[in-house]
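Number of protein chains: 2
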Amino acid sequence: MTAPTAPADLSRLCLHTITTKPWAIETAAAKFASAGVKGITVWRDTLVGRDIPATGRMLRDHGLSVVSLCRGGFFPAATPRDRAQALDDNRRAIAEAHALGAPQVVLVCGALPGQSLPESRKQIAEGIAALLPECQSSGVRLAIEPLHPMYADSRSAVNTLGQANDMAESLNSPHVGVAVDVYHLWWDPTLEREIARCGRLGALFAFHMSDWRTPTVDFLNDRGLMGEGCIPIGQIRSWVESAGFTGFHEVEIFSNRLWATDQDVFLGNIVQAYLAHG
Amino acid sequence: MTAPTAPADLSRLCLHTITTKPWAIETAAAKFASAGVKGITVWRDTLVGRDIPATGRMLRDHGLSVVSLCRGGFFPAATPRDRAQALDDNRRAIAEAHALGAPQVVLVCGALPGQSLPESRKQIAEGIAALLPECQSSGVRLAIEPLHPMYADSRSAVNTLGQANDMAESLNSPHVGVAVDVYHLWWDPTLEREIARCGRLGALFAFHMSDWRTPTVDFLNDRGLMGEGCIPIGQIRSWVESAGFTGFHEVEIFSNRLWATDQDVFLGNIVQAYLAHG
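Each protein sequence line maps, in turn, to chains E and L.
According to my numbering, the first sequence holds residues -1 to 276 in order.
According to my numbering, the second sequence holds residues -1 to 276 in order.
The hints are simulated quantities; they were obtained by calculation from the structure and are not laboratory data.
Treat each hint with caution, since some may be false.
Given that identical chains are not distinguished, each listed pair holds provided it fits within a single copy or across any two copies.
Simulated crosslink set (SDA-like; lysine to any residue; CA at most 25 Å straight-line) [to be verified]: (1) Lys19 to Lys36; (2) Lys29 to Val64; (3) Lys19 to Val215; (4) Lys120 to Ser236; (5) Lys120 to Gln233; (6) Lys120 to Arg211; (7) Lys120 to Thr212; (8) Lys120 to Thr188; (9) Lys120 to Asp209; (10) Lys120 to Pro2; (11) Lys120 to Pro230; (12) Lys29 to Arg255; (13) Lys29 to Arg55; (14) Lys19 to Arg211; (15) Lys19 to Thr214; (16) Lys120 to Pro213; (17) Lys19 to Asp209.
Just chain E, same shape as in the assembly (with noise of 0.2 Å):
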């Protein structure tokens, strides 16, 4: 494989707030923009406790541009009574994004154990659907994420980037796109031609990056940093550029591994890996 070129600087690089998940956002906010990182995507977790809009003030007065809020999605659900509390969910999610100054709001779409992959993918789309009102007065955007395919049992039932497309397609609203995560997709044959299919549809609306260990040894928390494993980074973005893409590439590492280091080093380290294999 041709090695694509590596960024050449920080211009573009966002980091997750899971990402150093020890940090309070206000100290990820400081830390990241010291570091020279330019975007942040925030977690929902973060803004428990917090003024929304002045959250958002202090990540701009820190010259972060706030890339996505993490996250929406969940939709599928036994009952109409339970999917109803999810769409409010997502309601929240959409005006806490539009509160903090964050353009999208990232989707895990959802999946219940025991219900077929068709019905969760349905209940999926026609919540999306009923979320569009909110997107048109709030001018935020939904960013499917398609899931890996060892988190379909109950995360997500979308599991290909082909599945996001065809989803994103049939809502066809510019207020619905895709989220492209190295994670999730970086086995599939498919991949090359969907991401450009994606860039055609106008739909690819995030990237994200991290990276696969050999062993992974934890189905949720021991993604590796960039180059720690063997997902071939710099090829997948060059693809999501060729595709169109010009917005942040996004770091998004979830590790017990390296949630247990001291994350001064740990933000240094993510720089200097983004740089040599981002």
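The hints should help you fit chain L onto chain E, whose structure is shown.
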């Protein structure tokens, strides 16, 4: 989802020796036969130190059909020498299958962390092609088993039934087909279509079942007994049968949890679970 008809009896039930891993093959054969199981798939570790033709006769004397030998594969390697060694091991597997009286060898195709998936797939196809003379002379067939994408780093670069079908179609030999395992493939939105295609290709060589537990806590050894998880096993079996498959339903469960239980009780539970959820 309409519930498909459950299996009527045990006439097509096959167990993998690894499902009751604590048992030696002689014990497994006697217990399986007593429980009414009609087929056995033999893992190569159980043959170490055995007279293989005599072991095959022992299995048949118990009234068991020898369904498959597990396993060959692991073709990708960094050097020509290592790839040649992998071929030698596969030739030994074919010879063992022939000696045992097993009509086919199941292939876990392999992957090499850090080598691109397209390169690994090329090495897999070349490796299988190199074995065709041995298949022709022995009559032993090779069944490509697409593995779940969570194994794409180090166990198989063939992760969907579509890819396995493509490879079988391209190799175009009556000795090369596919093993369909619900654990690896249940999440795939193209599964029904690709099972039908596999049947049209005459390539549907094997059908494996187990279940996906929520949560799954180990990447390799936390499979569930049929009915313990979320896989629509009967639905997938109905697709396989609609595609013309008339072979055995092979129960292949790797489970530290279940291996730690009384294997006689477990065997009884397998039979009941097969009749209820298989």
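Evaluated hints:
In this assembly of identical chains, lysine 19 and lysine 36 lie within 25 Å of each other by CA distance solely inside one copy; the values are 18 Å within and 53 Å between copies. Taking CA atoms no more than 25 Å apart as the test, lysine 29 paired with valine 64 passes inside one copy only; the shortest distance there is 15 Å, against 63 Å between copies. In this assembly of identical chains, lysine 19 and valine 215 lie within 25 Å of each other by CA distance both inside one copy and across copies; the values are 19 Å within and 23 Å between. Proximity of lysine 120 and serine 236 under a CA criterion of 25 Å is satisfied inter-copy only: 23 Å between copies versus 32 Å inside one chain copy.
Proximity of lysine 120 and glutamine 233 under a CA criterion of 25 Å is satisfied inter-copy only: 19 Å between copies versus 33 Å inside one chain copy. For the identical chains of this complex, lysine 120 and arginine 211 are inter-copy neighbours only, at 23 Å across copies versus 33 Å inside a copy, given an alpha-carbon limit of 25 Å. Taking the shortest Cα distances, lysine 120 and threonine 212 sit within 25 Å of each other only across copies (22 Å), while inside one copy they are farther apart (35 Å). Proximity of lysine 120 to threonine 188 under the C-alpha cut-off of 25 Å is found in both arrangements, the shortest distances being 23 Å within a copy and 16 Å between copies.
Taking identical chains as interchangeable, the C-alpha atoms of lysine 120 and aspartate 209 lie at most 25 Å apart only when they sit on different chains, with a minimum of 24 Å there against 31 Å within one chain. Taking identical chains as interchangeable, the C-alpha atoms of lysine 120 and proline 2 lie at most 25 Å apart only when they sit on different chains, with a minimum of 22 Å there against 38 Å within one chain. Within a single copy, lysine 120 and proline 230 get their C-alpha atoms only as close as 32 Å, which misses the 25 Å cut-off; across copies the closest is 17 Å, which meets it. Taking CA atoms no more than 25 Å apart as the test, lysine 29 paired with arginine 255 passes inside one copy only; the shortest distance there is 20 Å, against 44 Å between copies.
Taking CA atoms no more than 25 Å apart as the test, lysine 29 paired with arginine 55 passes inside one copy only; the shortest distance there is 16 Å, against 70 Å between copies. Taking identical chains as interchangeable, the C-alpha atoms of lysine 19 and arginine 211 lie at most 25 Å apart only when both belong to the same chain, with a minimum of 20 Å there against 28 Å between chains. With identical chains, the CA atoms of lysine 19 and threonine 214 are at most 25 Å apart both within one copy (20 Å) and between copies (24 Å). For the identical chains of this complex, lysine 120 and proline 213 are inter-copy neighbours only, at 23 Å across copies versus 35 Å inside a copy, given an alpha-carbon limit of 25 Å.
Taking the closest pair of Cα atoms, lysine 19 and aspartate 209 come within 25 Å of each other only inside a single copy of the chain (17 Å); across copies the shortest separation is 34 Å, beyond that limit.
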